[in-house]
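In our numbering, the protein residues as written are 29 to 650.
Treat the hints as calculated values from the structure; they're not laboratory data.
Incorrect hints may have been included.
[As the list claims (entries may be wrong)] Lysine to any residue pairs mimicking SDA-like chemistry, simulated, CA-CA at most 25 Å apart:
| no. | residue 1 | residue 2 |
| --- | --- | --- |
| 1 | K300 | G326 |
| 2 | K378 | R127 |
| 3 | K243 | G156 |
| 4 | K306 | V220 |
| 5 | K410 | E422 |
| 6 | K460 | N477 |
| 7 | K306 | Q344 |
| 8 | K157 | R370 |
| 9 | K306 | N263 |
| 10 | K243 | V220 |
Just so we're clear, the structure is a prediction, and the values are computed from it rather than from any experiment.
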Amino acid sequence: MIKRKPLSLLFALSLVSCGFAAGKPNILWIFAEDTSPWMGCYGDEVNEGHTPHIDSLAAQGTLFSRAYVPAPVCSACRSAVMMGQNQIRFGAHEHRSSRGPRKIQYPSELKLLPQIMKENGYYTFNLGKTDYNFIWDQDSTYSMEQKQRSPIPWDRIKANQPFYGQIQTAGGKNNVRNFPADRKTDPEFVTVPADYPQNRLYREVVAEHYDSIRKDDDFIGDVLEGLKQSGLWENTIVVYVSDHGANNLVRHKQMPTEGGLHVPFVVRGPEKYVTKGKLRDDLVDVLDLSATTLAWAGIEQPDWYEGQDLFAPDFQPRTFVASAKDRLDHTIDRVRTVRTERFRYTRNYKLDRILLQPQYRDHQPYTQNLHDLYNTGKLSPKLAEIYFGERRPEELYDVERDPHQLNNLVDDPRFAGVLDEHRALLDGWLSKGDMGEIEEPDAEIAFQNEGPEKWRKVNPEYEHLRLDSDGDGLSDQWEGYNNRDANDGKLLFTFDCGGWQTEGWQANPGLSNIAGFKGYLDFHLPEGKGSIVRSGLDADLANQGGSFAVAMRVTEPTLVWLSVNHGNGVTRRMAGPVSVNPARDFATASFTLPESGSAKALRLDFVSEPGTFVEIDNMQAR
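Construct the complete structure from the given sequences, taking the supplied hints into account.
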């Protein structure tokens with residue numbers, strides 16, 4: 029609950045009636061969507077002189093150079109900031125989780141920041157987007173809410189001081205198609221981040237983000253002018269911040285990377301509250317903004333808050349900032365990460381999925397370009413590994429020397445101590461509560477399965493909810509996405525169909541993580557033996573052609589067995605073992621299938637030298 033000295037009801041009401049917030053500063057958040065810190069005030073040469081209004085806020089106030097958001101997607105980030113607490117603590121971690129049949133109610137003892145401000149005499153308003161992952165009461169939250177960001181009702185705002193308000197801007201989503209040609213960024217003069225293809229298309233994507241920021245700066249200029257014309261400027265603290273990184277860069281938005289989590293954060297206000305012309309390079313969690321806003325208003329911080337007053341005399345710089353990624357629209361994932369002074373450590377939980385899972389931006393040219401380059405062998409090995417390679421359980425980057433997170437240091441013995449330190453930091457942070465450990469219920473997953481087919485919901489969480497007409501373990505919908513015959517009844521696994529790379533194959537205990545790498549199912553045999561299993565089948569063996577062929581490649585001589593589970597506890601091991609020897613090309617291990625019955629599950633057993641690496645290109649009945 030909120031830490032506040034008790035007041036009698038009569039006294040509290042008298043304070044309200046007398047305006048107990050009188051003399052307090054006005055507080056205005058300019059909250060930009062999808063914006064990376066590519067402004068002149070951040071030292072960006074391309075936009076130098078092209079973001080004068082944002083730059084002016086920085087010159088007159090404080091610029092935070094290393095501010096990070098709690099999540100790389102809008103609804104989770106905004107939900108966390110409104111609560112002053114990371115989204116994984118109170119169930120707001122799944123993107124747009126209250127749009128389906130299951131409505132998320134945050135704990136009754138918690139309150140949103142605008143609610144606290146309103147209870148303490150502030151006029152509260154929001155113009156534009158809210159997008160919270162829970163059910164919230166509009167009347168107790170905002171005195172005024174307007175779906176459009178403009179026109180801004182300055183007269184109404186002026187008449188209701190002190191105010192706490194948010195004006196949402198389009199940020200990186202600005203349509204710059206008709207942006208004046210003489211103000212557009214020349215794609216030939218931009219630098220494409222090193223974790224993207226260095227081609228004309230991506231230069232245009234980067235240039236477009238610069239133009240989006242320039243257009244946003246124009247709107248921000250109008251906001252600042254409105255404050256001045258209304259006589260509100262001198263007593264108003266203005267905050268400029270974003271919810272996550274650039275919209276059209278697929279390793280920015282939605283990704284728990286430097287690009288996805290690092291945002292602009294600038295504050296300007298009366299010198300009583302904000303230091304003028306100050307550059308702050310300490311690590312900042314945008315949750316600190318919630319705590320700081322309460323401090324500006326003279327309101328004591330609730331005990332559930334995870335931030336601190338950035339301008340407090342006893343402010344203690346952070347040693348790390350933690351962030352989280354969970355389901356994004358239909359794309360299911362779970363990632364936790366910490367950023368320290370020099371390093372970023374990331375822990376991945378859904379290891380059978382590539383980074384570039386099917387998503388809502390798949391129809392965009394920049395996403396298609398990545399797929400086209402990869403499919404034609406023209407994507408660099410490093411980028412192929414990043415976007416389409418095996419998800420490592422852990423990642424560690426020296427972001428001081430490697431800002432685009434290209435070189436994972438997890439296996440580098442020189443950083444073993446650093447790795448252990450960051451593991452401990454993340455473990456300590458997670459020990460305070462992580463509701464992402466609980467998978468979403470089927471009702472919510474089913475809801476996410478609806479909607480545009482272009483989104484291609486291929487994650488295994490959806491599969492058990494779908495019709496599988498021929499019992500091959502792959503739903504009709506999934507087979508349709510991947511141009512397969514949903515009624516042929518043939519057992520076929522190819523591992524090159526996007527986000528669900530393993531096609532439902534799972535490792536038995538003792539085997540390393542299995543995941544597709546460049547279209548192959550791959551894994552290690554740490555102890556020299558192990559097995560993989562595919563359950564959820566109901567395939568008619570009479571329809572399989574009599575054999576099951578596994579195209580595979582190994583680093584050491586390996587013996588392979590196939591077992592078929594017929595149901596009712598009956599498992600039959602096929603003839604074997606089949607011996608597979610190391611070779612450059614894939615060898616085929618063939619197994620005779622029974623002529624009748626059904627296959628409820630398949631299991632492949634492997635015996636080889638400890639540490640043997642196995643790659644499987646495809647498996648098919650024939």
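We went through each hint and held it up to the structure:
1. K300 to G326: Holds: K300 and G326 sit about 13 Å apart, inside 25 Å.
2. K378 to R127: 24 Å, holds
3. K243 to G156: Holds - the C-alpha atoms of G156 and K243 are around 17 Å apart, at most 25 Å.
4. K306 to V220: The given pair, whose Cα atoms are some 29 Å apart, is violated under the 25 Å limit.
5. K410 to E422: 17 Å, holds
6. K460 to N477: 32 Å, violated
7. K306 to Q344: Given pair K306, Q344 holds - Cα atoms ~17 Å apart, limit 25 Å.
8. K157 to R370: 34 Å, violated
9. K306 to N263: 19 Å, holds
10. K243 to V220: With a Cα-Cα distance of about 20 Å, the restraint between K243 and V220 holds, given a limit of 25 Å.
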